[in-house]
Amino acid sequence: MLHIINRSPLTNSALESCLRIAQSGDILLIEDAVYGATTGNAFEPKLREALGRFRIYVLQPDLEARGLADRIIEGVSPVDYGGFVDLTCTNTSCQSWL
Amino acid sequence: MSEENSIKKFMFVNRKAPYGTIYALESLEVVLITAAFDQDVSLVFIDDGVYQLKKGQQTKGIETKNFSPTYRALEGYDIEKLYVEKESLAARGLTEDDLLVDVTVLDRKEMGELMNQQDVVFSF
Numbered sequence: 361m362l363h364i365i366n367r368s369p370l371t372n373s374a375l376e377s378c379l380r381i382a383q384s385g386d387i388l389l390i391e392d393a394v395y396g397a398t399t400g401n402a403f404e405p406k407l408r409e410a411l412g413r414f415r416i417y418v419l420q421p422d423l424e425a426r427g428l429a430d431r432i433i434e435g436v437s438p439v440d441y442g443g444f445v446d447l448t449c450t451n452t453s454c455q456s457w458l
Numbered sequence: 002m003s004e005e006n007s008i009k010k011f012m013f014v015n016r017k018a019p020y021g022t023i024y025a026l027e028s029l030e031v032v033l034i035t036a037a038f039d040q041d042v043s044l045v046f047i048d049d050g051v052y053q054l055k056k057g058q059q060t061k062g063i064e065t066k067n068f069s070p071t072y073r074a075l076e077g078y079d080i081e082k083l084y085v086e087k088e089s090l091a092a093r094g095l096t097e098d099d100l101l102v103d104v105t106v107l108d109r110k111e112m113g114e115l116m117n118q119q120d121v122v123f124s125f
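Note that the protein sequences, when read in sequence, are chains P and D.
Following my numbering, the numbering of the first sequence begins with 361 at its first residue and continues without gaps.
Following my numbering, the numbering of the second sequence begins with 2 at its first residue and continues without gaps.
Next comes chain P alone, as it looks inside the complex (with noise of 0.2 Å):
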């Protein structure tokens, strides 16, 4: 399954819930939800723990405008929109966690 997470993990819990209940498959980070995939944020202990049973992506484009493409965290995958599309294809379902 692909889980899709929009949500900045420092100001909201969709990205913590789907790491706590979702067993493993695919998580894609969009809009808010690309500081998670950033250096020095005080989510990156999780993110880590997290990259051990998820493979873990992040869209490149939301991250550009954010400024901060250079310091995606090791074994974060960026992808752009084509990749975005690949990832729902290459997965039975996902889940927005609004």
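Calculated directly from the structure, the hints in this document are not laboratory data.
Backbone N, C-alpha and C fix where the C-beta goes; we use that ideal spot for every residue, glycine too.
Incorrect hints may have been included.
Stated by the list, open to error - For the chain P half of the interface with chain D, some residues (derived, Cβ under 10 Å), not all of them: (1) Ser368; (2) Leu370; (3) Asp392; (4) Tyr395; (5) Gly400; (6) Leu419; (7) Leu423; (8) Ala425; (9) Gly427; (10) Ala429; (11) Asp430; (12) Arg431.
Unchecked claim - Straight line, CA to CA, 27 Å or less: simulated DSSO-like cross-link-like pairs of lysine-lysine: (13) D:Lys56 x P:Lys406; (14) D:Lys55 x P:Lys406; (15) P:Lys406 x D:Lys87; (16) D:Lys66 x D:Lys55.
Could you slot chain D onto chain P? The hints should help.
For chain D alone, coordinates are given in the frame of chain P:
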């Protein structure tokens, strides 16, 4: 009423990241309106609001207006009081050098005191 008495202390509290919601842009719009009335304006950036001031924003890929240069133009409207909470910066791995405009960094206690001195507080 004398002119001096008609000037109030306005604070704009920014706690949202840019682009994901409309709050940051809307705050800027109201700040610019307030500036036109010659008020004593302070902008504060707390929590994810500090991300509004991050250098290097490139919004071409999301086809959204990059409004971050506007923060640098505020000086031209006599808005020079920009405050950032120290703890919010630290929690996001940011330092003053990451910000696109000169700010005063306050700790949480100083921020609270500044808030207490205001006549009007707008929260975004």
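To see whether the hints hold, each was checked on the structure:
no.: 1; hint: Ser368; in the structure: holds, 5 Å
no.: 2; hint: Leu370; in the structure: holds, 6 Å
no.: 3; hint: Asp392; in the structure: holds, 3 Å
no.: 4; hint: Tyr395; in the structure: holds, 7 Å
no.: 5; hint: Gly400; in the structure: holds, 2 Å
no.: 6; hint: Leu419; in the structure: holds, 9 Å
no.: 7; hint: Leu423; in the structure: holds, 9 Å
no.: 8; hint: Ala425; in the structure: holds, 4 Å
no.: 9; hint: Gly427; in the structure: holds, 4 Å
no.: 10; hint: Ala429; in the structure: holds, 8 Å
no.: 11; hint: Asp430; in the structure: holds, 8 Å
no.: 12; hint: Arg431; in the structure: holds, 7 Å
no.: 13; hint: D:Lys56 x P:Lys406; in the structure: holds, 26 Å
no.: 14; hint: D:Lys55 x P:Lys406; in the structure: holds, 23 Å
no.: 15; hint: P:Lys406 x D:Lys87; in the structure: holds, 22 Å
no.: 16; hint: D:Lys66 x D:Lys55; in the structure: holds, 15 Å
The structure is consistent with each of the numbered hints, conforming to all of them.
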